[in-house]
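**Student:** Take each chain as given, in its own frame, and dock them per the hints.
Here is what each chain is made of, one letter per residue.
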Amino acid sequence: MSTATVAAEHAARGRHEDRPFIRKYVFSTDHKIIGIQFLFLSLLFLLAGGLLAMTIRWQLGFPGQPMPGGGVMPETMAPGGVVLPEFYNALVTMHGTFMVFFAIMPLLVGVFANYLIPLKIGAPDMAFPTLNMWSFWLMIPAGTLMLASFFVEGGAAAAGWTAYAPLSANPEYSGVSAGQQLWCLSLIVFALSSLLGSVNYITTVVNLRAPGMTWFRMPLSIWALFVTAILAILAVPILAGALIMLLFDQTLGTHFFLPAEGGQPLLWQHLFWFFGHPEVYILILPAMGITSDVISNGSRKPIFGYHSMVYALIGIAFLGWIVWGHHMFQSGMNPTLGTTFMASTLVIAVPSAIKVFNWLGTMWRGSIHFTTPMLNGVAFVSMFVIGGLSGMFMAAAPVDIYIHDTYFIVAHIHYVLFGGSLFAIFAGIYFWFPSMFGRMMSERLGKIHFVLTFVTYNLTFFPMHILGMGGHMRRIYDPSQYEFLRPLMPMNRFITISAFLLLAAQLPFMVNFVWSLFRGKKAELNPWRDNGLEWTVPSPPPHGNFAETPTVYRGPYEFSSPLAEEDFLPQNRPVAAP
Amino acid sequence: MQHWWFPANASSYGGQLDSLFFVILYITGAVFLIVEVALLYFLFRYRRGANQTATYIEGSTAAEIVWTTIPAAICIFLALFSQRLWSEIKDPDRIPPDAVPLEITAKQFEWHIRYPGPDGRQGSDDDFSKRNELHVVVGRNYAFRLTSEDVIHSFFVPVFRLKQDAVPGMHLSGWFRPTSTGQWEIACAELCGLGHYRMRGRVWVHTAEDFDRWQASQAAGAAPAAPPADSVASSGARAS
Ligand SMILES: [Cu+2]
Ligand SMILES: [Cu+2]
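Protein sequences appear in the order of chains A and B. Everything in the first sequence is counted per our numbering, starting at 1 for the first residue and increasing by one. Everything in the second sequence is counted per our numbering, starting at 1 for the first residue and increasing by one.
Extracted from the complex, chain B is given alone in its bound form (with noise of 0.2 Å):
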């Protein structure tokens, strides 16, 4: 896939989230315009040659009230849009209740994904692991909870526009839904050290018949999975 731009969207709120960056490049574009046009206007039209005197002015008032007042309600209006689409991505308490629960654990240098099996339920027998490999089902909710057994890593998937901070001690917990079918990449983005550039994960967005199938695979050839590393805390409470 050739781009240089956003790579595709496949996640419910990546969508939102790329409008709210255009939205961003919208209004910081017009500011960067005004203000740039301004500045070369003025260096050509006061230049010296043109201008051979400068007028004595100390200010305005006025127009520090007004580049007061308008930059100050862009921002605040840019606070309260973009608070509804951080609290639906990142509020613990805006995880839909459907969701298919993962366990991801993060170590130097790879990423281990625990499913819940067939029975849709962590802690269970039919539960199994996967290294670097996320399978899913389009259209369908997922719940995780990130921990890290060893230092910091950031589990990034470019095309759900997902990304969280894995903290060893703590469980973190986010939620997406993917929507379109296909095979994109997993990548760390917090350095982690020596193998921080190769800990690359794979995420498969199947149907849900191709998914029972693949799972079906997996539970006729996979040892028990061991049980999760903490499931004392295990509802969606963030650690913080």
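Looking at chain A on its own, in the form it has when it is part of the complex (with noise of 0.2 Å):
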């Protein structure tokens, strides 16, 4: 298929402004109503997984006390506010799977895959619509379900987000049934979904990039979303697998994990983490990718060392597929194996490097900008580091024995999946607002918002690092049980109440966005002075993008160019040679 073909087919439906409301908005093909819509849902799922973590915060500085507000809750979870234990499970379990499904993974691949890519690469809309449009809608079910899972007998699934059988496998342990099954059915819906989206994002930019957007002009972020695309549809097919054979042992009793019957309990921990560990990056490379665009255009200057940033994410693409056994050190594994794992995890440490001294070699020299979106970037990259830098603790294997399934894991994850994805996130959410609704954020508020966030977010998870070493188990309902975490109280309460500022720091940016929407600065022409193609149309761009197809001279990030006037350089501006 051909950009000339999709352009035609566009025009030949018709002109969108003559669809009906329904068509336009709701069950939308064009793939920039599609990204918007995941942006709804996921930011809903954001704050929803925010509130669950909350109430965790409080169970674990103020354990046994009613929490403020806590009344809301049903007497089956927290009868006065008081959270109980099964309860309190259920809350660790949605959260993280909230948060990994239903916010990080679709605020990053169902926005931005859906949202940049036609329009980065040049084309009118994604290579199957239709498709597209189903990616979203089954997300409704999915997200359905596990909110669902809630009200039914025995709650929501208690078995964490990673589902660790036997315990997920049979009720008798867990005294959660139906919720166990409907995490399991969601998740399979949501897998379809994120395969649907996935044919979707690789089709399209093999297929359907402009004239002259060869592979290596194409933006960091649309390689990222690329790359993470091909894990996704090798990854996930893994996770639906396992999840039906976990449902199968709940409900036809079938036994592949449970062991009375010859089963594996180790198995299930082999097909998950073959899968969560592409995750994990699937969580992050997207936010790289829309890093390095914001990096680039704050610092005015070219990225540094663009083909080794392509390299570097393909070889973190790979290298993701043989580490998954670092999860696994004291799950029983064989040893050996566990020496295996220790050696590829520390080399993958060295793609992720690569990326952070090139964010830092296209800040050097440059003339950097402190838009909100800049900030936000810059703060990835600081966090980012930390949190790969602690991921190196539990690389080696022997340090793991002690910090494994303490809340040093837990810091690391946040740093990783918070300090690195959300902050992108929130950079990607400032930069393509005004594409997205033809208004601008506002500058004071949003740098109101980045302060906040970022100090109460250091607060709030840099003292886990420590909680961890004090050797404070993960997933405890109580830890003043414990003699020895007694000491460790007064720092779950600061964190505790740095959780609930860092929440309220997010008011500001819940003011913007919805302000923004209606009331913003109307976009200009190219705010951002970028050079990608999404900033050579209107803002919003109108269906189907391009009003003729554009053709592409240069790469994205001639910032500063002797070329040209200017210190951008459109992609596809022409330029007489020098």
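Simulated from the structure, these hints should not be mistaken for lab results. Just so it is clear, CB atoms sit at the ideal spot from N, CA and C, and this is done for glycine as well.
Label-pair distances were calculated between CB atoms; the ranges are: (1) A:GLU261 x B:GLY123: 22 to 32 Å; (2) B:ARG131 x A:GLU172: 20 to 30 Å; (3) B:SER19 x A:LEU131: 53 to 63 Å; (4) A:GLY80 x B:ARG198: 14 to 24 Å; (5) B:ARG121 x A:GLN481: 31 to 41 Å; (6) A:PRO171 x B:GLY123: 33 to 43 Å; (7) A:VAL72 x B:LEU80: 52 to 62 Å; (8) B:LEU40 x A:LYS521: 28 to 38 Å; (9) A:GLN65 x B:GLN183: 22 to 32 Å; (10) A:VAL72 x B:ARG198: 22 to 32 Å; (11) A:LEU517 x B:ILE76: 48 to 58 Å; (12) B:SER180 x A:LEU234: 44 to 54 Å.
**Tutor:** Set out below in structure tokens:
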């Protein structure tokens, strides 16, 4: 399929403006609308996941005390606002599930892959617009099933977001039966949604690039989303397969993971992490791509080492398949395998290091504009460094003996997924909001949001490293049960208070987002003086994106080029040879 | 005991594990400082007001080579350096041959520890079991076989720097040698259900005399223990 045929198809389908409201904004096949639908849905789940986290934090900081406002929770979960142990296990499970599958992943992939890929490669839409619509609308039953599981008998799944069998496979062990089944069903539907999206992203990038948009003229955001889609299409079916096996164990009496009848509990872990580690990169590669775009723009300088940035992405994607066992050092897996996984895990740090140094190189001798997107991009770099370096501790298998399943791991994942992914998501939202909605977000509120978030985020998650060093286990309802954890209770309370402030720090973002949607300053053409094709069309871009197919002459990072009078040079602007 | 940092160490390999932690802390700490200081310096030095025009630089192959090889060298060094301690702790072939055998069985939400009794052999008449109580002698090697009756638990003794998942259907072996007397806690580190947070046991490290006195008091009062769960696979072999 070529760009021309897709364009022709669009023309044949009639002008978008003539379509009824429901086809235009609800069951839309326009990649931009679908991206925006993903944005609203996943921001809601992000908020819901955050509220679950607050309930967890309250119980850890003030075990057994009624949570302020906790009276609204049903008797079966938190009578009088005091969280029950069974509900606590559901909270940790659902917080992880919401954040990974319904917030961060759709924010990065659902929003930015959908919105940016066609616009940035000069295509009128995705290769398969109808499939794309389905990939969004499948998220609705997936999310509904997951939310509904809170209200069935026995409550929501409570075996952790990693659902280790046999706890997850046999309801006698967890006391949760319908909730765990709904969890499996919901994620199977989610997997389908993710696969439909990924097929689309790959096909679109391979086939629909505008004339002149060679592979090495693609923005790193697109490279990252492309590599991510390949990871997803290979990893998500493994998750789906494992979930189906787990669901069969729960409902049909199979024994894939139940040892009494010859099943293997470790099989679940191998399958889950064979998906789960690539998933970690699904959650961070797009963030790296967004950060690259934003940092080059904010430094007014080409990205340093574009080719090595691409090779590092590809290197991470390959190595990401041979490190899953680092989650299983203490699982009873053969310790010789542990050695192998330790080596591969330490090696995968190298491409990440390359990326960090190249971002630094990009800022070096630039002219750094401290816009809100840039601030969040820089925060990504500085926090991802902490998350990456803390990963070295658990990669060293002997150290992992002690810190495995402690708050050190919790600190690490939050430095990667909040300090990393979420700051990049904020950068991306601030940066592309004008393109999505034709209005600017307030820079002043944006900066307030950034500073408050950056500070309270570090106050919340950094001390968790120290809890972990103290031996504080994850997923325990009441740390004060243990004598050796009692001295850590003041720190637990400090973290809880910081976490509540961190939630409060999101208020300026919410206000800014909603206010700017309706009242924001009208976006001028190319407000960030960027080179990407998405800024060569009006904001928001019309249906079909480009009035005529653009021709691309160069890469996306030609800032401060000697060939241009201004400090930027759009990809589609012809320049006479000097 | 007040601590915010590591708890006391009371096992033969715990000190090495802590040292490895600090080696990694120094390496990563140095990298962290270099990167963050460079980042802050660049942000200040090349801020828009101070540097009106950016310099058009696309990259540097020499720089790429430097910052690929140095991290690679550090990572390979760390892998090799860590490997020694990992196999010392976890390699089943390196369990000291003189170790006293213990059978540990986890179930929701308690630890059952079966002692070999005065003859030092599991599966004999003088064996006895204790619930949530691990009594050992300072300076003596112990080899345990760990299993679970229901879900996955994780046997965690923070002061020994010891953690091993207990998996139903598997008998996993490990060892430790306590190095100081005292009384500490055993925790479950893997989410195992409703009572996970209170799956707590205790470890006593005695002098030999104290231990013998304790063991004699057990033998007098206790009923004979049930035979070990799986006496066929009683070698130290790890199922995997
Ligand atoms: Cu991993
Ligand atoms: Cu347990």
